[in-house]
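Chemist: This is what each chain is made of:
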Amino acid sequence: MSATLDIRGLTKAYTPGKPVLRDLDLSIGAEGITAIIGPSGTGKSTLLRCINRLVEPTRGEIHLRGGVGGDVDMARLRGRALRLARRRIGMVFQEYNLVERLSVMENVLSGRLGYVPLWRAWLRRYPEADIERAFGLLDAVGLPEHATRRADALSGGQRQRVGIARALMQRPDLLLADEPTSSLDPRTSVEVLEMLTRLAAAEGVPVIINIHNVALAKRYARRIVGMSGGAIVFDGPPEDLRDSHLSAIYGGEDWL
Amino acid sequence: MSPPAAPAAPPRRVAFAPDRGMRVLGLLVLAYLVYAASQLDLGLDRLVTGLGEGARFVARMFPPNFERWELLVEGLLESIQIAVLATVAGLVLSLPVGIMAARNIAPWWLSGPVRAFVAVCRSLHYVIVAILFVKAVGFGALAGVLALVIASVGFVAKLFAEAVEEISMKQVEAVRATGAGTIAVLLYAVLPQVASRFVGFSLYQLDSNLRNSTLVGIVGAGGIGGTLFAAFKRFDYDFVSAILIAIIGLILLAELVSGRIRAAMR
Amino acid sequence: MSAAGHGGAASAATHDTLAPLRRAWHRHTPAERLVRWLAMLAIVAATVWAVRTIEIIPEFLADAPEQMADLLVRMWPPDLASYPGAVHAALVETIHIASLGTVFGFLLAIPLALMAARNICRFKALNFLAQVLLVASRSVNSLVWALIFVAVFGPGPAAGVFAIAFRSIGFVGKLLAEALEELNPGPREALRAAGAPWGAEMLKGVWPQVRPAFWGVALFRWDINVRESAVLGLVGAGGIGVVLEDAINFFQWDQVATILLAILAVVLVAEVVVTRVRTRLL
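Protein chains in written order, with the working numbering: chain A, 1 to 256; chain B, 1001 to 1266; chain C, 2001 to 2282.
Just chain A, with the same shape it has in the complex (with noise of 0.2 Å):
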């Protein structure tokens, strides 16, 4: 399934009168990849925590609409119907973020854990289909023999897939990836991107990246939203994006 992310007035601000993210607006679609670039600390991993709650906006509307769960605005939900929403959004992160002492089958279910009781989680009893469908995404990240083997015995790429994997497991109406790629050298990061642009691809999952490597997001995004202080000074194409535009998001010419 997939959704649409219209986010309004979008502000954050660690500290007061510090603002992180000032009211932003941005409207993501139901299709594709969207990469966010822009310089250190100007706000795009803010921007992401923000869309799942990870962390909390200071004002601002964040409204998913279409997907499983109906439309609702990610920044006014709590509790319950929080952790419902939160459901329907995959994250896949810089650090993997894996729960290294379990094995890969487990953190792929782990995925699932906002759906199952949790005496199944326990006694490791998950319903067939969800196993099922654990292999057929390890398959696809190309993990096949590895279900059972712990997580600290895996490469850097090798996490990251079984990441992409547990996200996927999700079912997810949207995606949000936040720097995957930027633990993993640059072959890793290659086969990384293609693979998640091609099962969200499979999937229908539109997929919203953070990514510092400009030429990555040219090669896999096909909208680009460049930050800067906080704000959006580029969105478009990667074909629309010139070296004006690059120096006026991470300032400087000298690196072009």
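It is worth saying that the hints were derived from the structure and are not from the lab. Treat the hints with care, as some may be off.
Think about it this way: if two alpha-carbon atoms lie no more than 30 Å apart in a straight line, the pair counts; the simulated DSBU-like pairs of lysine-lysine are [what the hints assert, rightly or not]:
no.	chain 1	residue 1	chain 2	residue 2
1	A	Lys18	C	Lys2124
2	C	Lys2124	C	Lys2174
3	C	Lys2124	B	Lys1158
4	B	Lys1158	B	Lys1170
Keeping the supplied structure of chain A fixed, place chains B and C upon it in accordance with the hints.
Modeler: For chains B and C alone, kept in the frame of chain A given last:
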């Protein structure tokens, strides 16, 4: 001709590695616990009466009675003295003993017996050692100091030996290569590597000895333990609570101070 | 320090190249030296005060080695015949007390540890309350707890179990709380982002990370508790301490020796068991 390759249905894959060993172990432990409980006659009725008794007991402990505060302070001071002396003497002894117990520095015929000795020091509870010293050298603080010295050596020498065993032998070889004698090697190659950890052990042991010194008095080895025991015997439970509060306060203070020292050292 | 700048050529002519070698080498900065000196002073002062004010009758001190030797002679040879019967049964009871006490202590400590860990429970008041309870439990020695519970339950192993349990709460709770606070928050965040309820977040995000520390603390504390259980009998709380107390009071030193050896053996075996299990767990 073989048919076009259709992916054969994979054999049923294993989702979770079986964990039989741990399960069996868990059940065994559980069975043992049930057995042990039955052996000890921990009946529910006993526990219920106990709760009632406990409530009465707690009532008699409040409010804490500080009337005999001079006795209290005297006892506390003696405990502190015992702790300080035992720690200093214990640390001084632990240095050579620990080095003699380190397998990478001392030859096997030395480290073996010394390690055994240290293990014995550690295994005997300090109260038992205190009783023995009381019988040997009489009631009073001396027995307490001696008992805690043994306990200190048991812990600090072991930790120290382990720290010494973890040092880089390359530095030792380097100093040896300059032609330095054994003492010089120890001073310049071994000790610097373990010095900061030794300070850590020392603080920990001082703390530990302070706790323990409050108790050895229960068997007559000096300090506030004796005052406490006497109060219990006389059913002066409100004085007991006063003493306990004083002891807890002392230990808290010690923990605070050693915490500050530790933080300053980092 | 010379200022940095373009072209050091101007100062090269007058620059003394051996200056770095001429600097005197001091191992510690003046501030460090002061601190070390103060610490030394404090230690010496404390020791001197203790030695002067402690009531140790010098004659006893001089006598001490002789008295100890006398005691040791009386303890040898140990009366091994007395082992089966009273000693063995009491030893087994001691282990039961230690094991049950440890488990009971854990059961009480876990909720306190969860309450004390600032990343699990975010209410400062509860954190504080839990910490206070943990410190109180830790500061009262197991012998004192034993005295208390003997007064409550009467003499016998029940008092011993409770004493061990209550003493363990503080130790276990503090170590568990520390382990909980050192958790990697990332995996928890990931589970929360996936919409997992709090219970699942704890079960799959916290527990797997904390598990080795949990069992490590359990084994560690059980080991210590075996040692502590052996002496609880001295105040009537069951176990081998009772037999030991009787033997000492009746001056049966050879039996005392047997008992001490038995305690030693049990403690050593417990330590071996714990080391083995711990290496398997890690």
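Chemist: Each hint should be assessed against the structure and marked as holding or not.
Modeler: Going down the list of hints, with the structure as the test:
{"no.": "1", "hint": "A:Lys18 x C:Lys2124", "in the structure": "holds (27 Å)"}
{"no.": "2", "hint": "C:Lys2124 x C:Lys2174", "in the structure": "holds (16 Å)"}
{"no.": "3", "hint": "C:Lys2124 x B:Lys1158", "in the structure": "violated (39 Å)"}
{"no.": "4", "hint": "B:Lys1158 x B:Lys1170", "in the structure": "holds (23 Å)"}
The structure is inconsistent with hint 3 alone, although it conforms to all the rest.
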